[in-house]
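Trainee: Going down the list, the protein sequences come from chains W and A.
Position 142 of the first sequence, counting from 1, maps to 142 under the numbering used here, and the rest follow consecutively.
Position 557 of the second sequence, counting from 1, maps to 557 under the numbering used here, and the rest follow consecutively.
Derived from the structure by calculation, the hints contain no laboratory data.
Just so you know, these numbers come straight off a predicted model, no measurement behind them.
One or more of the hints may lead you astray.
Computed, partial: chain A to chain W, Cβ under 7 Å [as the list claims (entries may be wrong)]: (1) Arg544; (2) Val545; (3) Val549.
Mimicking DSS-like on lysine-lysine, the simulated pairs with C-alpha atoms at most 25 Å apart in a straight line are [as the list claims (entries may be wrong)]: (4) W:Lys183 x W:Lys85; (5) A:Lys326 x W:Lys183; (6) A:Lys353 x A:Lys326; (7) A:Lys353 x A:Lys331; (8) A:Lys333 x A:Lys361; (9) A:Lys361 x A:Lys326; (10) A:Lys119 x A:Lys170; (11) A:Lys361 x A:Lys331; (12) W:Lys85 x A:Lys331; (13) A:Lys119 x W:Lys85; (14) A:Lys331 x W:Lys183; (15) A:Lys119 x A:Lys263.
Selected chain A positions facing chain W (Cβ under 10 Å, derived; list incomplete) [what the hints assert, rightly or not]: (16) Leu383; (17) Met392; (18) Leu393; (19) Leu394; (20) Thr420; (21) Ala426; (22) Asp596; (23) Thr599; (24) Gln600; (25) Phe602; (26) Ala614; (27) Leu615.
Think of the CB as a built atom: it goes at the ideal place given N, C-alpha and C, for glycine as much as any other residue.
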Amino acid sequence: MRLWRKLYRLTGQASAGMQADLAKNYFGLFGLPSTFDLDATDLAARYRELQRRFHPDRFASASEPERRLSLQLTAQVNAAFQTLKDPVARARYLLALQGVDTGEDTDTAMDPAFLMEQMELRESLAEAREAADRHARLESLRLRVEEDFEARTALLRSRFAENSEPARRQARNLVREMQFLQKLAHEVEELE
Amino acid sequence: MALLQISEPGQSTAPHEHRLAVGIDLGTTNSLVATVRSGVADTLPDEQGRHLLPSVVHYRRDAGPEVGEAALEAAAEDPLNTIASVKRLMGRGIDDVKRLGNLLPYEFSPGASAMPRIKTVAGEHSPVEVSADILRNLKQRAEATLGGALSGAVITVPAYFDDAQRQATKDAARLAGLNVLRLLNEPTAAAVAYGLDQSADGVFAIYDLGGGTFDISILRLNRGVFEVLATAGDSALGGDDRDHAIANWMWQHAGLTEHADRKLQRRLLRDARAAKQALTDAPAVPVQVLRPDDTVWQGELTRSTLVQLVDPLIERTLTPTRRALKDAGLKPKDIQEVVLVGGSTRMPRVQEKVEAFFGRKPLTRIDPDKVVAIGAAIQADILAGNKPDSDMLLLDVIPLSLGLEIMGGMVERIIPRNSTIPTVRAQEFTTFKDGQTALLIHVLQGERDLVSDCRSLARFELRGIPPMVAGAARIRVTFQVDADGLLSVAAREQGTGVEATITVKPSYGLTDAEIESMLRDSIVHASEDNTARNLREQQVDADRVLEAVQAALRVDGEKYLSRDERAAIDAALALLRNARAGTDAAAIKQAITAVDQATQAFAARRMDASVRAALAGHRLDEFKS
Numbered sequence: 001m002r003l004w005r006k007l008y009r010l011t012g013q014a015s016a017g018m019q020a021d022l023a024k025n026y027f028g029l030f031g032l033p034s035t036f037d038l039d040a041t042d043l044a045a046r047y048r049e050l051q052r053r054f055h056p057d058r059f060a061s062a063s064e065p066e067r068r069l070s071l072q073l074t075a076q077v078n079a080a081f082q083t084l085k086d087p088v089a090r091a092r093y094l095l096a097l098q099g100v101d102t103g104e105d106t107d108t109a110m111d112p113a114f115l116m117e118q119m120e121l122r123e124s125l126a127e128a129r130e131a132a133d134r135h136a137r138l139e140s141l142r143l144r145v146e147e148d149f150e151a152r153t154a155l156l157r158s159r160f161a162e163n164s165e166p167a168r169r170q171a172r173n174l175v176r177e178m179q180f181l182q183k184l185a186h187e188v189e190e191l192e
Numbered sequence: 001m002a003l004l005q006i007s008e009p010g011q012s013t014a015p016h017e018h019r020l021a022v023g024i025d026l027g028t029t030n031s032l033v034a035t036v037r038s039g040v041a042d043t044l045p046d047e048q049g050r051h052l053l054p055s056v057v058h059y060r061r062d063a064g065p066e067v068g069e070a071a072l073e074a075a076a077e078d079p080l081n082t083i084a085s086v087k088r089l090m091g092r093g094i095d096d097v098k099r100l101g102n103l104l105p106y107e108f109s110p111g112a113s114a115m116p117r118i119k120t121v122a123g124e125h126s127p128v129e130v131s132a133d134i135l136r137n138l139k140q141r142a143e144a145t146l147g148g149a150l151s152g153a154v155i156t157v158p159a160y161f162d163d164a165q166r167q168a169t170k171d172a173a174r175l176a177g178l179n180v181l182r183l184l185n186e187p188t189a190a191a192v193a194y195g196l197d198q199s200a201d202g203v204f205a206i207y208d209l210g211g212g213t214f215d216i217s218i219l220r221l222n223r224g225v226f227e228v229l230a231t232a233g234d235s236a237l238g239g240d241d242r243d244h245a246i247a248n249w250m251w252q253h254a255g256l257t258e259h260a261d262r263k264l265q266r267r268l269l270r271d272a273r274a275a276k277q278a279l280t281d282a283p284a285v286p287v288q289v290l291r292p293d294d295t296v297w298q299g300e301l302t303r304s305t306l307v308q309l310v311d312p313l314i315e316r317t318l319t320p321t322r323r324a325l326k327d328a329g330l331k332p333k334d335i336q337e338v339v340l341v342g343g344s345t346r347m348p349r350v351q352e353k354v355e356a357f358f359g360r361k362p363l364t365r366i367d368p369d370k371v372v373a374i375g376a377a378i379q380a381d382i383l384a385g386n387k388p389d390s391d392m393l394l395l396d397v398i399p400l401s402l403g404l405e406i407m408g409g410m411v412e413r414i415i416p417r418n419s420t421i422p423t424v425r426a427q428e429f430t431t432f433k434d435g436q437t438a439l440l441i442h443v444l445q446g447e448r449d450l451v452s453d454c455r456s457l458a459r460f461e462l463r464g465i466p467p468m469v470a471g472a473a474r475i476r477v478t479f480q481v482d483a484d485g486l487l488s489v490a491a492r493e494q495g496t497g498v499e500a501t502i503t504v505k506p507s508y509g510l511t512d513a514e515i516e517s518m519l520r521d522s523i524v525h526a527s528e529d530n531t532a533r534n535l536r537e538q539q540v541d542a543d544r545v546l547e548a549v550q551a552a553l554r555v556d557g558e559k560y561l562s563r564d565e566r567a568a569i570d571a572a573l574a575l576l577r578n579a580r581a582g583t584d585a586a587a588i589k590q591a592i593t594a595v596d597q598a599t600q601a602f603a604a605r606r607m608d609a610s611v612r613a614a615l616a617g618h619r620l621d622e623f624k625s
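This is chain W alone, in the form it adopts within the complex (with noise of 0.2 Å):
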């Protein structure tokens, strides 16, 4: 409860003025249902549409109180696409609206067979640097660590159409463990 409270806070403080049901929500601002599916092309279009009608640039010449709307509402669109693009914070802001913290701040227990395969991952990443054939192991490194995310991706999908208690409970997992996913992949990149 507390996180949706502050997310609350933080966009009608950053749209003072505007009506608060349509900035409160970034799923809202974009005239989205609140659901983890979204066509990522779709997405962009309503995007780039609104920044089209409401960015800065097109206030210039108007009055004061419009600009300034004006630039509130984008840079609000900007952090809601940031936010909406991204599968891993986009579930966190979907579990937070529904009163969900995902704490991978606070909370630092994890799935033991979970934390066990990241080890792995991660030795098999410092002995790639070492390696003679660096490059194919950090390719096939990295195909391991896409296909996981996807997987997880997939999961996830299917635990936020279910909509029930145990469901975000594994939802919010899933989310904890795709950031441990995002980071090696990350970090993989680097290396590459």
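Fit chain A to the given chain W structure using the hints.
Mentor: Same frame as chain W, but now just chain A:
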């Protein structure tokens, strides 16, 4: 896709007078002003027909400052009072300036805001004031040519400029009496000049080697919208360095000691520049140095020597180029067009190297000195409202991450670099000690983890937090970056609602007191009648407000306003019209503020309805398909 037609609040539906708007390229070596006339964008020459204004200001004891060619001529004779390449000092602190070392022969003294001030016979001048003198000159040129007061200007900055440098540029424009419509990244302006905004979707690289800065930007055009995918650069690398490399070569070959005096340094630089330009047409040119003991060294500078001298500098531009491509997740072959910007790209050697790197011939059709100013003029024309049907939209990103200092001298990133602007982000922090009642918010810009490796932008305090145990307070810090890339920061303790907000005045920016005193000084010293100018500026502003509000009322006045609200707005407008007819600039300004206040709720309702309509259009479209 077909969308419902709705009126956009920013755009007036009634035909209006053409507004005078210019694009200004405030360069390290040269500056230009351009405008759109009869649909064609071009730079404006001075009375002698020269388009380029050397970015040089000569301060004199008993007369106003000379700007441009006249100042350049004075440089060799009066180096201490002639300020060149001042763009390198914009938004910089005295320590940064010292790091530039003997490249700059000026004497500095720190000002009240840690901004360096240059000592001259006409008093001390900050880089912002020197830039304002250049801008004022261009403004006068434009107003004389176009025959009226400017309604606004788009001023370009290197994409890599940080918040301090952008703020300094905006301060300079304010001092020069310019209404800044937008600070535009130079590479984006260049892309607009080439009409790339009207081309097919694709990815473009803008390679800008100017007098004092190098910038590389990777732009993506997607359904008519520009996005800056990545920018990188080196704010202390450019054609000036090439001139210095040649001057150093001459200096070494002339067998000079380490203590070349400033006049000699200037002369060497001037001769180096001339030799470099002569080498575009000839394979070799004679050079000579008059030594302090009146003996003369004579030598020859060949193209191959020049290549040896400049190749390392050109190589240095490829490192940020690779970095930008990597940030954008692209390879050189993914780039559809390469645009060359900056006089330094005229050098055949630069074009060869760029072509070799990208594997394609760069675009060179537009004069690389003018291309940025021309793009800025096109954008200014649109922002001033002269082309209400234009669909162009330029999305920009912040070049460097923004963050806060946390315990242990570490930086917590709030807005990562390359985030599209405007943007807003918030994060929660807490207190470190029991009973802590104040919090120092230290705002930083940069990519490194340690505070000492990042640029300090501002510090401010949040006071009045009620005493609590450590970690119990919840302080939400919100960063907002506007379309010009300028930051404001707000901090709020969530439990009590205690708040503190600042528009970030960078540590190296000007204090408000400094700006005020400069404005006063410029009023005392300016040759033009400033009261009249100020009045004219307020009148232009008043006309803009009247027109915008009236257009909005025509379209939506019935829809969103009660009788009382409408009456209040009409009354405010009547007061403004009245003030506009008079000659009291302060009264006009006050009346404008009153109209702004009276129309706040109206503007919010229109914007809100407009957002709904935009999305409703989408849904309708999807139902149809």
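Trainee: A separate judgement is required for each hint: does it hold in the structure or not?
Mentor: How the hints compare with the structure:
Below 7 Å, beta-carbon pairs count as interface contacts, and A:Arg544 has one with chain W at about 6 Å; its hint therefore holds. For A:Val545, the suggested interface contact is upheld, since its CB lies about 6 Å from the closest CB of chain W, less than 7 Å. Given the 7 Å rule on beta carbons, the hint for A:Val549 holds: about 6 Å separates it from the nearest Cβ of chain W. The suggested pairing of W:Lys183 with W:Lys85 holds, with an alpha-carbon distance near 17 Å, which does not exceed 25 Å.
Proposed proximity of A:Lys326 and W:Lys183 is supported: the alpha carbons are some 18 Å apart, at most 25 Å. Only pairs whose Cα atoms come within 25 Å are accepted, and A:Lys353 paired with A:Lys326 is accepted, the gap being roughly 19 Å. Straight-line distance between C-alpha atoms of A:Lys353 and A:Lys331 comes to about 16 Å, which keeps the hinted pair within the 25 Å bound. Distance hint between A:Lys333 and A:Lys361 is fulfilled; the C-alpha atoms sit about 12 Å from each other, no more than 25 Å.
Our distance criterion of 25 Å between C-alpha atoms is met by A:Lys361 and A:Lys326, whose separation comes to about 21 Å. For a cut-off of 25 Å, the pair hint linking A:Lys119 to A:Lys170 stands: about 23 Å separates their Cα positions. Annotation: proposed proximity of A:Lys361 to A:Lys331 holds, straight-line Cα distance about 16 Å (limit 25 Å). At roughly 24 Å between alpha-carbon atoms, W:Lys85 and A:Lys331 fall within 25 Å of each other, so this suggested pair holds.
Note on A:Lys119 and W:Lys85: the hinted pairing is violated, with a Cα-Cα distance of about 53 Å set against a maximum of 25 Å. Between A:Lys331 and W:Lys183, the direct Cα distance comes to roughly 23 Å. Compliance with the 25 Å bound is thereby established for this hinted pair. Between A:Lys119 and A:Lys263 the CA atoms are separated by roughly 17 Å; this keeps the pair inside 25 Å, and the hint holds. Because the smallest distance between the Cβ of A:Leu383 and any Cβ of chain W comes to about 4 Å, under 10 Å, the interface hint for this residue holds.
Proximity of A:Met392 to chain W holds as hinted, the smallest CB-CB distance being about 8 Å (cut-off 10 Å). Taken as an interface hint, A:Leu393 checks out: its beta carbon lies about 5 Å from the nearest beta carbon of chain W, inside 10 Å. Restraint check, A:Leu394 versus chain W: the minimum CB separation of about 7 Å is within 10 Å; hint holds. Here the hint on A:Thr420 is kept, as its CB sits about 5 Å from the closest CB of chain W, short of 10 Å.
Below 10 Å, beta-carbon pairs count as interface contacts, and A:Ala426 has one with chain W at about 5 Å; its hint therefore holds. Interface restraint check: A:Asp596 against chain W, minimum CB-CB distance 4 Å, threshold 10 Å, status holds. At its closest, the beta carbon of A:Thr599 sits 6 Å from a beta carbon of chain W; the interface hint therefore holds under the 10 Å criterion. Here the hint on A:Gln600 is kept, as its CB sits about 4 Å from the closest CB of chain W, short of 10 Å.
Interface restraint check: A:Phe602 against chain W, minimum CB-CB distance 8 Å, threshold 10 Å, status holds. Contact between A:Ala614 and chain W, as hinted, is supported at the beta carbon level, the nearest pair being about 5 Å apart and thus within 10 Å. The criterion of a C-beta within 10 Å of any C-beta in chain W is met by A:Leu615, whose closest approach is roughly 3 Å, and the hint holds.
Violated hints amount to a single one, hint 13; each of the other numbered hints is respected by the structure.
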